Amino acid sequence: MTVASPAPHKMSARGVSVSYGDKQAVKDVSIDVDMDKVTAFIGPSGCGKSTFLRTFNRMNDTIASARVTGEITLDGEDIYSPDMDVVQLRARVGMVFQKPNPFPKSIFENVAYGPRIHGLASSKTDLEGIVERSLKRAGLWDEVKDRLSDSGTALSGGQQQRLCIARAIAVDPEVILMDEPASALDPIATAKIEELIHELRGRYAIVIVTHNMQQAARVSQRTAFFHLGQLVEYGETDNIFTAPREERTKDYITGRYG
Amino acid sequence: MSKPAAPPSERRPTDWKGAAMQKRIRRRYAAERRFRVLGAGAVILSAAFLGFLLLTMVAQGWRGFTVTELALPIDLRADGLKIERRQLATPAADLALASAGLEDVVQNAAVRAFGPEGDGYLAPSAWLAVRTAVKRDPSLLERRATVYVPAATGFDQALAGEGDPAMEAGVARLQKLGAISRGFNWAFLRESDSTDPVAVGIWGALKGSLLTMAITFLIAFPVGVLSAIYLEEYAPKNRWTDLIEVSINNLAAVPSIIFGLLGLAVFLGTWQIGGHVYGPMLPRSAPLVGGVTLALMIMPVIVIASRNAIKGVPPSIRDAALGIGASPIQVVFHHVLPLAMPGILTGTIIGMARALGETAPLLLIGMRAFIVTAPGGFTDPSTVLPVQIFLWSDEVSRGFVEKTSAAILVLLAVLLAMNGLAIYLRNKFETRW
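Protein chains in written order, with our numbering: chain U, 729 to 986; chain G, -19 to 413.
Hint data in this document are derived by calculation from the structure and do not stem from the laboratory. Small disclaimer: the values here were computed from a predicted structure and weren't measured. Hints may contain errors.
Pairs of lysine-lysine, DSSO-like flavour, derived with a Cα cap of 27 Å [claimed, not checked]:
id, chain 1, residue 1, chain 2, residue 2
1, U, 833, G, 408
2, U, 827, G, 291
3, U, 827, U, 920
4, U, 833, G, 291
5, U, 765, U, 978
6, U, 755, U, 765
7, G, 408, U, 852
8, U, 864, U, 765
9, U, 751, G, 217
10, U, 864, U, 920
11, U, 873, U, 920
12, U, 852, U, 873
13, U, 833, U, 864
Residues of chain U placed beyond 10 Å of chain G at every Cβ, according to the derived structure [as the list claims (entries may be wrong)]:
id, residue
14, 752
15, 758
16, 760
17, 804
18, 927
19, 961
No residue lacks a Cβ here, since even glycine has one placed at the ideal position from N, Cα and C.
Next comes chain U alone, as it looks inside the complex (with noise of 0.2 Å):
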């Protein structure tokens, strides 16, 4: 690590250990995550993937028993700091989830939401403005434009799923955390929401979570490979899985276990 780094990382972790009472989840796991990237999260169920995702944008917080210790930052800063102020935290980290959760509200409410309680739109028709470029940029505008005032939870899942990246764009992060988010979704839906990553990737520094490979592979530019709350190995996609370092990563690629 040099000090002065010419290009500096969005997002780095050092040393980073997660326990949830006795039991350690995560341990002292070190990576860093840059803009114009997509980083891949993989790894065995179990592997505190998620754990440690969820770390980058102190989710973990709302767990009473999680522990956290090392150091996080977004743009140099430490955001376990008493300095960092937690809700902006999330609204510059963004994060979709594994199950699609929309509100329980209208399209256009789910999507408005985040603007509004951020104040970011200066007027009406501002936040209109941005409920339709969110939308557009998750793919999902030109199914639901006629329909905006219907229940989110009446789409499909896909549809759930790109309404909830839309609401998580809608507050213009920086980092996008994705947490298994085509997991729950068919293989068209899934397809929809890669695409989608791409057209994201170079906007926003993207790290997604998946257990599946294939997926790791074609969305991701960077690779990180979990086992038993441990970094085994992390670095360019490609390497990973053409020519993985550690015997553990080529046992798990090639489907020994997991």
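Given the structure of chain U, go ahead and fit chain G onto it with the hints provided.
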């Protein structure tokens, strides 16, 4: 020390068509039928009880809503009422009429019109009806007119065929005169308690109930819901919150009379809210004290129902809101509370219905007083519907029987209206999204 494994025996193919299997199927169907019949029986039985209750109440109570009136020909000047017309315009008109002997004048007029027992046909409050009529139309002082006055309870019963023979003879005579008329008893909805069953009204108790309920709701709902939110969303899970949870559950099961004792001891005793009719302190028997007592009683119910409703909101909704940077309070008020509202309202209405029908704690804090005027505010002496029913059911006079039933019907109507409001609100909240 494990037993040696039994040798694997050859398993015979299952005989799905055999006699034993057929018998089992028949038994299963019989059990199914039996259970359905029992269930339907239980529903029919409870519906029958309810129907019986309602029918009895309506059969007895409808007479409470009617009044028998007698057309009394009266000539106040000729009958010797000594009062000047200008006196009627003063605030002391009631006093002037009373001291001028209006009551005697009315009785004399009844004797003249209906015979020697004529004054017995009139309700004791009949002269008050004349007083009201005279104040409304002072020209009655100078002319002969017919005023409709309420009939006595005994007369009313004789009319229904339940009175004594002498009274029934009077009824027959007056029927021939055409002096009897029956109508809807508006006074019952307008007046308050009285010693005369003909003159009683439910308004005082109804207003007392509404004022008490308002206090109960204003205290129990916000405190109960806020406690539930705090316990569910903010409080750390430790021994203290466990203790609080157990206490709340126990509190919900405490008999209501204990809360009455608490109200008596704390609100009226220690805190001295009541006890001083004059001065800065508030009188006992007031909706304020009753409402606070009942609020304490139903608060645990609201807390428990609200906690369950809040628990029922899927965690994914909280995650979603937190994930786009909603603060904890925004999560609660924008997402959790609206989703939990139907359940919270249901619990609140159950609690309010319990409070509305509650008698015992209110007896202890003095809301069983005989109060003849409707309360003007939260600190005026008042009674409530169930206590009024209890008081009337205790009366000796037979006229109170139908009034009791009528009051029960009013109480049921208020309960139904409250439940209807709850269902409306619940549907409104549920269909908003």
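Each hint, compared with the structure:
At most 27 Å may separate the alpha-carbon atoms for a hinted pair to count; residue 833 of chain U and residue 408 of chain G meet this at roughly 14 Å. For the hint linking residue 827 of chain U to residue 291 of chain G, the alpha-carbon distance of about 19 Å falls within 27 Å, and the restraint holds. With a CA separation close to 16 Å, the supplied pair residue 827 of chain U and residue 920 of chain U stays within the 27 Å bound. Restraint check: the Cα-Cα separation between residue 833 of chain U and residue 291 of chain G comes to about 20 Å, which is no more than 27 Å; the hinted pair holds.
Restraint check for residue 765 of chain U and residue 978 of chain U: satisfied, since their Cα atoms lie roughly 23 Å apart, inside the 27 Å limit. This hinted pair checks out: residue 755 of chain U and residue 765 of chain U have alpha carbons roughly 24 Å apart, not beyond 27 Å. Using a Cα cut-off of 27 Å, the hinted pair residue 408 of chain G and residue 852 of chain U holds, with the two alpha carbons roughly 26 Å apart. Among the hinted pairs, residue 864 of chain U with residue 765 of chain U is consistent with the structure: their alpha-carbon atoms are about 21 Å apart, no more than 27 Å.
Straight-line distance between C-alpha atoms of residue 751 of chain U and residue 217 of chain G comes to about 19 Å, which keeps the hinted pair within the 27 Å bound. Our distance criterion of 27 Å between C-alpha atoms is met by residue 864 of chain U and residue 920 of chain U, whose separation comes to about 13 Å. Taking the CA atoms of residue 873 of chain U and residue 920 of chain U, the gap is near 18 Å; set against the 27 Å cutoff, the hint holds. Between residue 852 of chain U and residue 873 of chain U, the direct Cα distance comes to roughly 17 Å. Compliance with the 27 Å bound is thereby established for this hinted pair.
Proposed proximity of residue 833 of chain U and residue 864 of chain U is supported: the alpha carbons are some 19 Å apart, at most 27 Å. Against the 10 Å criterion, residue 752 of chain U stays outside the reach of chain G, whose nearest CB is about 22 Å from its own CB. For residue 758 of chain U, the shortest C-beta to C-beta distance to chain G comes to about 24 Å, beyond the 10 Å cut-off, and the non-interface label holds. At roughly 23 Å, the least C-beta separation between residue 760 of chain U and chain G is larger than 10 Å, which holds for a residue marked as non-interface.
With a cut of 10 Å on Cβ distances, residue 804 of chain U stays outside the contact zone with chain G, its closest approach being about 20 Å. In this structure residue 927 of chain U is separated from chain G by more than 10 Å, as the shortest Cβ-Cβ distance comes to about 20 Å. The beta carbon of residue 961 of chain U sits about 29 Å from the closest Cβ of chain G, which is more than 10 Å, so the claim that it is off the interface holds.
Violated hints are absent here; each numbered hint is respected by the structure.
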